[in-house]
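Chemist: Each chain, letter by letter, is given below.
There are 2 protein chains.
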Amino acid sequence: VSQTAYHRLETRMRRIGLVGEAAAVLHWDWSAIMPVGGADARAEQLAELKAISHGLLTDTETGELIEAATEDSSLDDWQRANLVLIRRNWVKASAVPEDLVVATAKACSECETVWRTARAEKDFAQVLPSLEKAFDLVMESGRAKAERLGLDLHDALLDDYEPGLRLAVIDPVFDDLAGWIPDFLDDVLARQSQAPEPLALEGPFPTAIQKQLGETLMAAVGFDFEGGRLDESLHPFCGGTPDDVRITTRYDEADFTSALMGVLHETGHAMYEAGLPKDWRRQSVGHSLGMSIHESQSLLIEMQVCRSRDFFEYAAPIMQDAFGGSGAAWSPENLYRLGTRVERGFIRVEADEVTYPAHVILRHRLEKALVSGDLKLADLPAAFDDAMENLLAIRPSDAALGVLQDIHWYAGVFGYFPTYTLGALTAAQFFQTATQADAAIVPGIRGGDFQPLIGWLRENIHAMGSRVSADELVEAVAGKALDPEVFKGHLRERYWGGAG
Amino acid sequence: VSQTAYHRLETRMRRIGLVGEAAAVLHWDWSAIMPVGGADARAEQLAELKAISHGLLTDTETGELIEAATEDSSLDDWQRANLVLIRRNWVKASAVPEDLVVATAKACSECETVWRTARAEKDFAQVLPSLEKAFDLVMESGRAKAERLGLDLHDALLDDYEPGLRLAVIDPVFDDLAGWIPDFLDDVLARQSQAPEPLALEGPFPTAIQKQLGETLMAAVGFDFEGGRLDESLHPFCGGTPDDVRITTRYDEADFTSALMGVLHETGHAMYEAGLPKDWRRQSVGHSLGMSIHESQSLLIEMQVCRSRDFFEYAAPIMQDAFGGSGAAWSPENLYRLGTRVERGFIRVEADEVTYPAHVILRHRLEKALVSGDLKLADLPAAFDDAMENLLAIRPSDAALGVLQDIHWYAGVFGYFPTYTLGALTAAQFFQTATQADAAIVPGIRGGDFQPLIGWLRENIHAMGSRVSADELVEAVAGKALDPEVFKGHLRERYWGGAG
Chain Z
742 VSQTAYHRLE TRMRRIGLVG EAAAVLHWDW SAIMPVGGAD ARAEQLAELK AISHGLLTDT
802 ETGELIEAAT EDSSLDDWQR ANLVLIRRNW VKASAVPEDL VVATAKACSE CETVWRTARA
862 EKDFAQVLPS LEKAFDLVME SGRAKAERLG LDLHDALLDD YEPGLRLAVI DPVFDDLAGW
922 IPDFLDDVLA RQSQAPEPLA LEGPFPTAIQ KQLGETLMAA VGFDFEGGRL DESLHPFCGG
982 TPDDVRITTR YDEADFTSAL MGVLHETGHA MYEAGLPKDW RRQSVGHSLG MSIHESQSLL
1042 IEMQVCRSRD FFEYAAPIMQ DAFGGSGAAW SPENLYRLGT RVERGFIRVE ADEVTYPAHV
1102 ILRHRLEKAL VSGDLKLADL PAAFDDAMEN LLAIRPSDAA LGVLQDIHWY AGVFGYFPTY
1162 TLGALTAAQF FQTATQADAA IVPGIRGGDF QPLIGWLREN IHAMGSRVSA DELVEAVAGK
1222 ALDPEVFKGH LRERYWGGAG
Chain E
742 VSQTAYHRLE TRMRRIGLVG EAAAVLHWDW SAIMPVGGAD ARAEQLAELK AISHGLLTDT
802 ETGELIEAAT EDSSLDDWQR ANLVLIRRNW VKASAVPEDL VVATAKACSE CETVWRTARA
862 EKDFAQVLPS LEKAFDLVME SGRAKAERLG LDLHDALLDD YEPGLRLAVI DPVFDDLAGW
922 IPDFLDDVLA RQSQAPEPLA LEGPFPTAIQ KQLGETLMAA VGFDFEGGRL DESLHPFCGG
982 TPDDVRITTR YDEADFTSAL MGVLHETGHA MYEAGLPKDW RRQSVGHSLG MSIHESQSLL
1042 IEMQVCRSRD FFEYAAPIMQ DAFGGSGAAW SPENLYRLGT RVERGFIRVE ADEVTYPAHV
1102 ILRHRLEKAL VSGDLKLADL PAAFDDAMEN LLAIRPSDAA LGVLQDIHWY AGVFGYFPTY
1162 TLGALTAAQF FQTATQADAA IVPGIRGGDF QPLIGWLREN IHAMGSRVSA DELVEAVAGK
1222 ALDPEVFKGH LRERYWGGAG
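Protein chains in written order, with my numbering: chain Z, 742 to 1241; chain E, 742 to 1241.
Hints may be right or wrong, so weigh each one.
Pairs of lysine-lysine residues, derived as BS3-like cross-links and limited to a Cα-Cα distance of at most 27 Å, are as follows [claimed, not checked]:
1) Z:K847 x E:K1019
2) Z:K791 x E:K863
3) Z:K874 x Z:K863
4) E:K847 x E:K863
5) E:K874 x E:K847
6) Z:K1019 x E:K791
7) E:K952 x Z:K1019
8) E:K1019 x Z:K791
9) Z:K833 x Z:K1019
10) Z:K791 x E:K791
11) E:K1019 x E:K874
12) Z:K847 x Z:K863
13) Z:K1019 x Z:K1117
14) Z:K1019 x Z:K863
15) E:K833 x E:K847
16) Z:K833 x Z:K874
17) E:K791 x E:K847
18) E:K952 x Z:K952
19) Z:K847 x Z:K1229
20) Z:K863 x Z:K791
21) Z:K952 x Z:K791
22) E:K952 x Z:K847
23) Z:K874 x Z:K1109
24) Z:K833 x Z:K1109
Simulated coverage check for chain E against chain Z, where a stretch passes if three residues somewhere in it have a Cβ under 8 Å from a Cβ of chain Z [said to hold, decoys possible]:
25) 749-761
26) 776-790
Please keep in mind that the hints were generated in silico from the structure rather than gathered at the bench.
Quick reminder that beta carbons are idealized off the backbone N, C-alpha and C, glycines included.
Let's have the full structure, built from the sequences with the hints guiding it.
Modeler: Pasting the structure below:
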């Protein structure tokens, strides 16, 4: 029997998917364990794989197969959804010539490499030329896609990280939060300072034990170590592939909670990847949705679950045992108070959930100014510091605490940051829905049984792949569109003790 | 200016080379750190990369470019040598249809995965069906190449691991050694038993310290840790890419010398890869020669250098310090005697250099019987045990000590084993030539300065890439063709104390 156009298209997507998986593992390797001398060659390898994928996706035959498959009335709903997504990816990819794809990938890889040193040396000037080159190429690609999709440049950038996401959606939500957070933060800090300080935990906390503890709690949540790993990297992330999910963290022997909460955060990402529908592996419809939904899964696990009183009831004795701690500092209530401590800090990845949106909003606003041309990259460090002072009332004393702290821009990633806060809002809605739907979820967390929660996430979110869009998913799961009030309610409940 | 056919061919080879580098890193990852659940997906990723390389190498345009480049009279010697090698690879690759390439790669990956469990459980029957499938596909590919090249099947298999290598070269040398070794071995063991036993080293030897010691000695030999790593894997190997060479070992806390000598062996491979001509990176002429020459580099470092009295003069105090040892057991002379202990053992990778050729010869003879069809895979375990009893007068008590011990056959690798012993012969000739050419080499080793030796290897061997063939290189470097008498002379010198 000869294959239908649709099935030949699936075969082609499978090839592209496999090349993408190879690239994902190489990227993980680079970030986690590659010796520094391998960087140039690795950048070339990744650029070549990108060129190959791009070639497979954009060649004439792909377009012909898409056209022919669109006429095929025998497709079921999943197949049809898959076809729509393939067409969308094909349109976007076809907008960018292969030379530009390769040049952009290489410039971003090179910039990322320079950033690693620049960050260690707190020296933005060192990375500026590479950043300018990468930025220009990313904008050139973005403009090409924007033109083909009939979008503004910034919307085309956003669309790469969350299909369908637009400035018109983000800006009102962020303006609302930016107006609300400063006063709420003042209130929270005032209440916090009136209460007795939580007891400090006495370190040091050896890295090996932190890692073991992380693995114990990952396994408890449901991470399968036969299908993934935990390693170290400068910038914690979740990489690899759905069948081999690799998360990373960085350890500080003076404080174990930062790495541990980071590990649990990445575990949320990992559970999503591992839970994607196997039958649609390497097809567009079988991939995870955009980064807002991805971030909702990590923040649901970290913020909604693992910083709750219920979680510390379960985890406090395990933490205490791991480090051989003793005394009242290790009580669930004290650990909960430490884990929900609010502070005006410099580092986004270490921020509490109250100040976190401010970190995102300031970056989003800087991206808007960069993309529109109102801000030059050379002026970014000062603009970054000003924006932080404006929203958080603190000013970084060096670039590692400021503009150099995050990898994103130096990896050519512009338009990604908003998804963190959209994810936080989505997480609040999903968790509210889940706990209302299944009364066993909260007692499960308190007793260390995460199966009810993970089962609900698997069924309602992970197994859906990209069958529906992010906004359709929120609507279908939570019964209403994205709503910042649920997130605010969660913050009031947790940080005002339900009083506000 | 439009590119010449030759330069377009170079561009194409560069693409193929980059895909090959990606595959090399993925293969290292698989062998060293991949969680078991990733195996199926990884097998598919590697098969896809192989299909892509194969497609690039065999498509019509490659053939046309080769034809056109052959007419180009402006090529220099390196370019012309490159072109000859590209043509040879193209002819071989074109002989095998892509379907068969993919099917073979997947069958071999699957078989390798099953072998890992079968070996742990000492159960050959478990892996037999996968092995039969992989073997049949490897032979089918081999027959296709043999036909195109006008070679016998076995010669076509050998050609994949050492271009130009033929049964007619191997068999007389191996028959000579197989006739010489048993009596020589009896003699050596008799002399050894008459002398006092060397003093045993008291363990345990913690893995972390073994690793540190390995890294210290790797660095002393010249390994650059900015361009490579040392890790653990079930079967020690040297993988990665020339700019990021990755060697692996396995540790035994009761005996540090096995892992350490393994590390130094792989360091020899790594130095070769790292020393290949950068200007010809990813071109056929810039790759290492066949596995005989590769093995000559590892055995030169391990056997000729690191098991010599001169080396132990330098390394004994470092080893003693590392483990906090004391007493006469840690003297250079005692460590040398331990390091040159001869024994009839089961495990090839732990064999001394006197018995090693017997391990290789028995495998080569079994391969001949398998390839000719005289031996069935189902009968391989018994045939393996018989052959070992015949050549080494010992019989394995289980399959892990016998037929399951090595990865090669289970990874679809048939025709590789002879290169180990050809490498040992070549190493003896190269080291003899080197020490005659530069009087600073031996005192350097005794004092921990490996620069004279490595400099000589770089210039005379590594930097040559594949500019000349293996036999031309031996002839050019050593002044005469491969000669087993030099190897025998080395063994007599070391194990008879120069008396025989």
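Chemist: Decide, hint by hint, whether the structure agrees.
Modeler: Taking the hints in turn, this is what the structure says about them:
Note on K847 of chain Z and K1019 of chain E: the hinted pairing holds, with a Cα-Cα distance of about 19 Å set against a maximum of 27 Å. Between the alpha carbons of K791 of chain Z and K863 of chain E the distance comes to roughly 43 Å, so the proposed pair goes past 27 Å and is violated. A threshold of 27 Å between alpha carbons decides the hint, and for K874 of chain Z with K863 of chain Z the separation of about 20 Å falls inside it, so the pair holds. Taking the CA atoms of K847 of chain E and K863 of chain E, the gap is near 23 Å; set against the 27 Å cutoff, the hint holds.
Proposed proximity of K874 of chain E and K847 of chain E is supported: the alpha carbons are some 10 Å apart, at most 27 Å. At most 27 Å may separate the alpha-carbon atoms for a hinted pair to count; K1019 of chain Z and K791 of chain E meet this at roughly 24 Å. Our distance criterion of 27 Å between C-alpha atoms is broken by K952 of chain E and K1019 of chain Z, whose separation comes to about 40 Å. Our distance criterion of 27 Å between C-alpha atoms is met by K1019 of chain E and K791 of chain Z, whose separation comes to about 24 Å.
Straight-line distance between C-alpha atoms of K833 of chain Z and K1019 of chain Z comes to about 26 Å, which keeps the hinted pair within the 27 Å bound. As the CA atoms of K791 of chain Z and K791 of chain E are separated by approximately 16 Å, the hinted pair is consistent with the 27 Å bound. For a cut-off of 27 Å, the pair hint linking K1019 of chain E to K874 of chain E is broken: about 39 Å separates their Cα positions. This hinted pair checks out: K847 of chain Z and K863 of chain Z have alpha carbons roughly 23 Å apart, not beyond 27 Å.
The straight-line distance between the Cα atoms of K1019 of chain Z and K1117 of chain Z is roughly 45 Å, outside the 27 Å bound, and the hint therefore fails. For the given pair, K1019 of chain Z sits about 44 Å from K863 of chain Z by alpha-carbon distance, which is inconsistent with the 27 Å threshold. At roughly 20 Å between alpha-carbon atoms, K833 of chain E and K847 of chain E fall within 27 Å of each other, so this suggested pair holds. For the hint linking K833 of chain Z to K874 of chain Z, the alpha-carbon distance of about 22 Å falls within 27 Å, and the restraint holds.
For the hint linking K791 of chain E to K847 of chain E, the alpha-carbon distance of about 10 Å falls within 27 Å, and the restraint holds. For the suggested pair K952 of chain E and K952 of chain Z, the alpha carbons sit about 20 Å apart, so the restraint of at most 27 Å is met. In summary, the hint linking K847 of chain Z to K1229 of chain Z is not supported, as the alpha carbons are separated by about 41 Å, beyond the 27 Å threshold. Of the supplied pair hints, the one linking K863 of chain Z and K791 of chain Z is violated, its CA atoms being roughly 31 Å apart against a limit of 27 Å.
In summary, the hint linking K952 of chain Z to K791 of chain Z is not supported, as the alpha carbons are separated by about 34 Å, beyond the 27 Å threshold. Pair hint K952 of chain E plus K847 of chain Z does not hold up; C-alpha atoms about 35 Å apart against a cutoff of 27 Å. Pair hint K874 of chain Z plus K1109 of chain Z holds up; C-alpha atoms about 18 Å apart against a cutoff of 27 Å. Note on K833 of chain Z and K1109 of chain Z: the hinted pairing holds, with a Cα-Cα distance of about 22 Å set against a maximum of 27 Å.
Closer than 8 Å: that is the beta-carbon criterion, and the region 749-761 of chain E has 3 residues meeting it against chain Z, so the requirement of 3 holds. With 11 residues having a beta carbon nearer than 8 Å to a beta carbon of chain Z, the region 776-790 of chain E meets the requirement of three or more and the stated coverage holds.
The earlier numbered hints that this structure contradicts are 2, 7, 11, 13, 14, 19, 20, 21, 22.
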